[in-house]
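Here are the chains, one letter per residue:
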Amino acid sequence: MINFIHIKNDLKQVFRDPIMSVLLFAPLLIVAVFKLLIIFLFPFIATKFNFDLSLYYQYLMAGILILISGMLGIVIGFMMLDDKDGNIAELMAVTPLGRSGYLVNRLSFSSILCFFYSIIAIYVLNVIDIPFYTILLLSILSGVYSIIIGLLIFSGADDKVKGLTFAKGLNMLGIFAFSDLFALNWFSILSLIFPTYWITRIIESPHSISAFLLGTSIHAIWLIYLIYRYLTKK
Amino acid sequence: MRLLSAIWSDIKFQAKQGFYLVYLIITIMYLILLSMLPPNVLTIALPLVVFSDPSVLGLFFIGGIILLEKSQGVMMAIVVTPLKTEEYVLSKAISLALVSVFAAITITALSPIDNVNWFLLIISTILTAGLFTLSGIMINAGCNNVNQYMVKTIPYMLLFTLPCFSLLGFEYSYLFTVVPSVAALRLLLGAYHGIVRYEALGLTLYLVVMNYLFFRNSVRIFENKIVYQDQKL
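Line by line, the protein sequences give chains A and B. Everything in the first sequence is counted per this note's numbering, starting at 1 for the first residue and increasing by one. Everything in the second sequence is counted per this note's numbering, starting at 235 for the first residue and increasing by one.
It cannot be assumed that every hint is accurate.
What the hints assert, rightly or not - Mimicking DSS-like on lysine-lysine, the simulated pairs with C-alpha atoms at most 30 angstroms apart in a straight line are:
#1 Lys84/A / Lys168/A
#2 Lys250/B / Lys48/A
#3 Lys304/B / Lys12/A
#4 Lys386/B / Lys35/A
#5 Lys162/A / Lys318/B
#6 Lys84/A / Lys250/B
#7 Lys386/B / Lys162/A
#8 Lys459/B / Lys318/B
#9 Lys304/B / Lys162/A
Calculated directly from the structure, the hints in this document are not laboratory data.
All chains should be modelled from the sequences, with the hints used to inform the complete structure.
Okay, structure coming up:
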């Protein structure tokens with residue numbers, strides 16, 4: 001009940017501020033822009049530069065999923081940094097909601113949105129042919145990735161500027177989704193420990209149980225470690 | 235002298251916040267990415283990378299810097315110190331442009347590309363960085379948190395980036411050069427692909443004028459909206 005009231009208040013807070021609500025709907029704008037690019041720009045590039053981008057659609061889809069989840073993770077990370085500045089987080093810790101309840105509410109907000117946006121993105125862009133259960137898994141992992149980004153920003157940054165620096169650096173995690181394109185052995189091996197790599201891997205092998213298990217495990221390890229770090233941090 | 239001290243303290247602040255470290259990592263990532271591209275694609279991709287990231291970094295960071303300094307009460311201190319608003323704004327623009335130049339030079343120097351006009355590369359990076367950082371100061375007015383700032387940058391980014399597609403070339407597409415970001419990208423592309431001397435001079439002068447106009451406007455907005463918060467008589 002307390003959780004529900006808190007989520008309701010979060011939603012009220014977000015929709016009271018038109019700018020925040022725009023930010024939460026921005027992923028849909030990203031999907032629309034990419035849909036237009038696929039329809040108009042990609043055929044133009046194919047004819048003008050003789051470069052067929054449709055060969056790389058699995059990477060494009062992975063990139064968009066990572067972009068959406070990264071973006072929502074950054075939004076939630078900065079919301080939590082603002083709470084830290086306003087001592088809201090400390091206040092929440094002494095309410096019945098508690099420190100972990102506050103974390104669950106804040107992070108579930110971005111991950112649920114991310115889950116639905118990922119499903120929408122996959123269906124609207126319609127560039128990959130994967131079964132529904134893989135779409136579900138990818139959407140869950142995208143939600144988890146947004147939590148990972150939010151927690152990395154929140155736990156790593158002391159202030160807004162450091163938060164921005166972190167966000168900038170964390171954007172680079174997306175590169176690991178494309179590591180197979182580089183044909184660098186060491187880079188591919190390094191990529192195995194990053195969640196973004198597994199998003200591409202699952203899209204490429206939509207029926208592979210090993211990709212599912214390893215991808216989910218890597219996401220879970222990052223998530224558990226970051227939550228543990230948050231809860232044990234003074 | 236005051237300006238130099240302000241720039242130096244901004245550089246120290248940026249180093250402390252990890253700007254240089256993060257850009258070192260980003261540069262390495264870009265180098266890995268660019269090293270995979272065939273030479274004909276690299277000549278197009280490299281200027282686009284320099285334009286889209288190092289040159290624009292000021293827009294990304296200035297929002298957080300000003301919001302942080304506002305919350306720390308730095309703005310109140312500025313009013314009672316001899317440091318003028320012009321110097322404060324200029325110091326921010328110059329110090330962030332230095333990070334841009336550092337990243338642009340490193341990415342270009344370590345990429346397998348020949349015949350780069352280094353002078354033009356540095357000039358175009360400084361002028362582009364100036365435009366974006368000063369825009370960031372103008373956008374920042376009225377923002378209370380980083381999320382608000384990020385949303386407010388979206389229309390500006392669209393306004394700056396969409397006209398850049400005019401460089402693909404179509405009838406009357408050169409008219410889009412009036413948009414400062416298009417002029418900046420043309421100049422930057424000229425540093426890599428070669429450019430007629432008069433065109434380079436014209437674009438540079440145009441960007442200097444635009445930087446000056448952006449500077450005057452950002453100083454005015456900064457004083458009215460951020461320092462005095464519309465309370466100045």
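Now for the hints, and whether the structure bears them out:
no.	hint	result
1	Lys84/A / Lys168/A	holds, 20 angstroms
2	Lys250/B / Lys48/A	violated, 46 angstroms
3	Lys304/B / Lys12/A	holds, 27 angstroms
4	Lys386/B / Lys35/A	holds, 23 angstroms
5	Lys162/A / Lys318/B	holds, 26 angstroms
6	Lys84/A / Lys250/B	holds, 20 angstroms
7	Lys386/B / Lys162/A	holds, 20 angstroms
8	Lys459/B / Lys318/B	holds, 16 angstroms
9	Lys304/B / Lys162/A	holds, 15 angstroms
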